[in-house]
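Place chain X on chain W using the hints.
Chains as they are written, first to last, in the numbering used here: chain W, 1 to 116; chain X, 1001 to 1115.
No lab work stands behind these hints, which were simulated from the structure alone. Among the hints, erroneous ones may be present.
Said to hold, decoys possible - Simulated DEER-style distance windows between Cβ atoms:
1) W:H67 / X:A1001: 26 to 34 Å
2) X:G1085 / W:P8: 24 to 32 Å
3) W:A2 / X:E1061: 36 to 44 Å
4) W:T14 / X:Q1083: 39 to 47 Å
5) X:D1026 / W:A38: 16 to 24 Å
6) X:E1017 / W:T14: 42 to 50 Å
Every residue gets a Cβ at the ideal spot worked out from N, C-alpha and C, and that includes glycine.
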Amino acid sequence: DAGVTQSPTHLIKTRGQQVTLRCSPKSGHDTVSWYQQALGQGPQFIFQYYEEEERQRGNFPDRFSGHQFPNYSSELNVNALLLGDSALYLCASSLTFSGDPNEKLFFGSGTQLSVL
Amino acid sequence: AQTVTQSQPEMSVQEAETVTLSCTYDTSESDYYLFWYKQPPSRQMILVIRQEAYKQQNATENRFSVNFQKAAKSFSLKISDSQLGDAAMYFCAYRWGNRDDKIIFGKGTRLHILP
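Excised from the complex, chain W in its bound form (with noise of 0.2 Å):
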């Protein structure tokens, strides 16, 4: 049973340029939110999707945008892109009404952003 997967692993781009990340959850999982690990810090919210939709959002600008497919694979686009973007960006997963209170999440092993 594969887990949260991510692509591409590393990325290097430059200012003001436009990136794309890929997440495809864990099977049987039905909502993905991603984070920003810059370095040095935890990670941060930046947005969940469920059913298509954005369910919820943390503190970035619009720069960063999302998208859910219907198999439940997400993206998160970046636009204009910012030295201060440079971070590792993770994946994660939940399934959303298990009905399991133990239920958890599950990361992936990220995407390293580079902007030089």
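Using the frame of chain W, we list chain X on its own:
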């Protein structure tokens, strides 16, 4: 706003010894969950242990246990019989409610295991 604070950027412990990582949090909510996550060099966040705020009993998972002091808003992690594989970044985290998957993380504590 909810916050999570880890005041120990780095800690070291001798293999087979016991170490305690500290965490404090701030919230006005009564229904919340607290977590400790481990992030090894593979970068994947791995759940170590979780604690429901309404439970008075401290959670335990094998060599890992917590000391949950609700009134003091303190949530420390104790690792017994430390092993080389325990070396990693450890993040204390908070989640409001049961189905709100937005998790607030602390800045982390890097744990070194000395052979």
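*Taking each numbered hint in turn, which are not upheld by the structure, reported in ascending numerical order?*
Hint 3 contradicted; others consistent.
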